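Colleague: Numbering-wise, my numbering puts 13 at position 28 of the sequence shown, and it's gapless, one number per residue.
Treat the hints with caution; some may be incorrect.
The following label-pair restraints were derived from C-beta to C-beta distances [what the hints assert, rightly or not]:
(1) D119 x D87: 20 to 28 Å
(2) H(-12) x E79: 32 to 40 Å
(3) R117 x A80: 27 to 35 Å
(4) E90 x H120: 17 to 25 Å
(5) D58 x H120: 31 to 39 Å
Since the hints were derived computationally from the structure, they do not count as laboratory data. This one's a predicted model, so the numbers in the text were calculated from it and none came from an experiment. From the three backbone atoms N, C-alpha and C, an ideal C-beta is built for every residue, glycine too.
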Amino acid sequence: MAHTHAARAIIQATDGRWLLVRPTSADLWHLPGGGIAQGEPPRQACEREIHEELGLTLSAGRLRAVQWTPLPDDGGDQISLVFDCGVHDPADIEAHITLQADEVEAWRWGTPDADLLDGDRLAEALLQASARPDHVAYLEVATTPSAT
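Make the full structure from the sequences, and use the hints.
Modeller: Okay, structure coming up:
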């Protein structure tokens, strides 16, 4: 039974859209990010994953959400920490994106309420947290999505 940890990033455009990625391993749109290596600080893992997946060098700031998800394949679970990586000019971000082809199939700007994670409840929790700057959203996913 595996207990895994992931770090994800909210990269927001000046018009309010969020940068989303579609991994090669799933037909879902996700926040950029991935696994936290043993002994690696979560914030550092977030920054590393952004650089690996997108070729971007951004700083991970405030923690925005914590999500717990059961993993059906091995009976384990995953804790995801979601960090705020700032508001950026979309043209500047777009000019610097270089996808890691073996991990990320595509990227796009999307609205969290309509596009994030194909309706996963994390988007709702993050939107609620956005309304309260001092709040960190906490979410337990009762059913497992087809991919994490």
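Colleague: Check each numbered hint from earlier against the structure, then list the numbers of those it violates in ascending order.
Modeller: 1, 4
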